[in-house]
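Protein chains in written order, with the working numbering: chain A, 6 to 173; chain B, 6 to 173.
Each hint should be verified, as a subset may be incorrect.
The list makes no distinction among identical chains, and a pair is therefore deemed to hold if it is satisfied within one copy or across any two copies.
To be verified - In silico SDA-like cross-links for lysine to any residue, where the CA-CA straight-line distance does not exceed 20 Å:
1) Lys159 <-> Leu41
2) Lys113 <-> Gln88
3) Lys156 <-> Ile168
4) Lys62 <-> Lys141
5) Lys141 <-> Val42
6) Lys156 <-> Gln167
7) Lys93 <-> Leu41
8) Lys62 <-> Phe172
9) Lys141 <-> Leu41
10) Lys62 <-> Ala140
11) Lys159 <-> Ala170
12) Lys116 <-> Arg70
13) Lys93 <-> Arg51
14) Lys116 <-> Thr132
15) Lys143 <-> Asp68
16) Lys93 <-> Ile54
17) Lys159 <-> Thr63
18) Lys62 <-> Leu41
19) Lys156 <-> Gly171
20) Lys143 <-> Leu41
Keep in mind the hints are simulated off the structure, nothing from the lab.
Fair warning: this is a prediction, and the values are worked out from it, not measured in the lab.
There are 2 protein chains.
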Amino acid sequence: MTASAARADTRLSPRKRAGNGPARRIDADEIGLDALVGHAGYAVRRFQIWIFQDFIKTLGDVDIRPTQYSVMTVIGANPGLSQMAVAKRLGIERARLVHLLDSLEQRKLVKRIKSKADRRSHALHLTAQGETALAKFKRLAAEHERHVEAKIGKENRERLLQILAGFT
Amino acid sequence: MTASAARADTRLSPRKRAGNGPARRIDADEIGLDALVGHAGYAVRRFQIWIFQDFIKTLGDVDIRPTQYSVMTVIGANPGLSQMAVAKRLGIERARLVHLLDSLEQRKLVKRIKSKADRRSHALHLTAQGETALAKFKRLAAEHERHVEAKIGKENRERLLQILAGFT
DNA sequence: GGAAGATTGTTGTTGACGACAACAATTGCC
DNA sequence: GGCAATTGTTGTCGTCAACAACAATCTTCC
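I would like the entire structure built from these sequences, with the hints used as guidance.
Okay, structure coming up:
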């Protein structure tokens with residue numbers, strides 16, 4: 006079922022089939038994308054939507070979204086980071102990180118500790134509760150990753166990670 | 006360097022390096038992502054952001070965003086489609102497509118023609134101006150695609166398209 | 001040592017986008 | 001002929017990226 010793509014570009018162009026309206030019912034599966042096939046951005050966008058939806062669903066019970074997971078993972082692996090450091094590392098704006106941390110702090114998963122070295126900044130840590138929660142999140146994330154494998158194949162997933170390793 | 010994924014889970018944890026704050030200046034490039042590396046979703050998200058930004062910049066002079074481009078491409082290749090058909094094909098909601106078409110119609114690139122076969126629906130067409138404009142957009146999109154090649158390599162781009170072909 | 005400029009966290013706004021819900025007009029079905 | 005489904009539209013809500021402005025604080029430079 007997944008192997009049925011990658012043609013489509015070389016089908017006889019359906020151009021100007023209809024004068025001012027479709028005479029026949031169009032099945033929406035048989036619409037030629039033409040130039041759209043072959044655009045990396047389009048494929049990546051569609052895939053990203055799919056993968057995020059599966060992540061959100063798989064971690065739906067614990068109510069954790071991909072960005073929240075990435076923030077907790079980075080803090081868990083590097084306790085004491087400032088908000089700027091986390092934002093820069095994850096490529097999110099510090100303005101946005103404020104709300105993310107507000108939410109995570111309300112849920113007692115993360116805490117902001119005033120840094121004594123630089124009184125402008127906060128040192129970010131997971132709470133004890135946050136540590137055990139993150140462990141559970143990681144198990145669910147691993148399950149999500151298996152869904153990805155099931156979707157595109159184990160070796161394709163690894164090739165993908167290899168190709169995109171420069172963006173992490 | 007690109008082969009360095011898929012371990013990550015088994016590195017000695019740098020946990021608890023800092024008591025309540027970073028003693029040393031952290032360079033934000035040397036922050037361990039640990040479990041984040043190895044997550045397909047994270048890599049794909051970062052890549053998608055990069056690729057969209059390049060697309061928007063490359064087509065900045067003509068003020069066309071990726072979604073607008075995809076809509077015009079589909080209409081150009083399949084004149085007379087209804088809004089539902091386009092929405093379903095591109096995976097966008099029909100509610101959202103309304104605004105996209107409003108914008109494109111104001112710019113005289115697309116026109117909605119009342120279908121006589123089904124008076125509920127509109128047959129979508131490019132205007133003459135839209136046709137020539139789309140040709141220019143496609144040239145710029147091809148230039149963008151070359152940027153992608155330059156970023157990840159020609160053969161990696163093609164492998165990527167192959168892997169994700171099922172999502173187009 | 002003090003003024004000038006940079007950095008950090010915060011608040012706010014804007015716009016693109018996905019997800020829903022409701023609605024009128026129209027079509028298809030039984 | 002009547003009732004469910006479809007199509008386009010309008011609206012709301014929440015997520016997210018991109019900016020801009022601001023107070024507090026640090027750094028730099030004279």
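Hint-by-hint comparison with the structure:
no. : hint              : in the structure
1   : Lys159 <-> Leu41  : between (26 Å within a copy, 18 Å between copies)
2   : Lys113 <-> Gln88  : within (17 Å within a copy, 46 Å between copies)
3   : Lys156 <-> Ile168 : both (18 Å within a copy, 10 Å between copies)
4   : Lys62 <-> Lys141  : within (15 Å within a copy, 40 Å between copies)
5   : Lys141 <-> Val42  : between (39 Å within a copy, 18 Å between copies)
6   : Lys156 <-> Gln167 : both (17 Å within a copy, 14 Å between copies)
7   : Lys93 <-> Leu41   : between (33 Å within a copy, 15 Å between copies)
8   : Lys62 <-> Phe172  : between (25 Å within a copy, 19 Å between copies)
9   : Lys141 <-> Leu41  : between (40 Å within a copy, 15 Å between copies)
10  : Lys62 <-> Ala140  : within (18 Å within a copy, 40 Å between copies)
11  : Lys159 <-> Ala170 : both (16 Å within a copy, 16 Å between copies)
12  : Lys116 <-> Arg70  : within (19 Å within a copy, 39 Å between copies)
13  : Lys93 <-> Arg51   : between (26 Å within a copy, 13 Å between copies)
14  : Lys116 <-> Thr132 : within (6 Å within a copy, 56 Å between copies)
15  : Lys143 <-> Asp68  : within (13 Å within a copy, 41 Å between copies)
16  : Lys93 <-> Ile54   : between (23 Å within a copy, 15 Å between copies)
17  : Lys159 <-> Thr63  : within (19 Å within a copy, 34 Å between copies)
18  : Lys62 <-> Leu41   : between (28 Å within a copy, 18 Å between copies)
19  : Lys156 <-> Gly171 : between (23 Å within a copy, 9 Å between copies)
20  : Lys143 <-> Leu41  : between (36 Å within a copy, 10 Å between copies)
The structure is consistent with each of the numbered hints, conforming to all of them.
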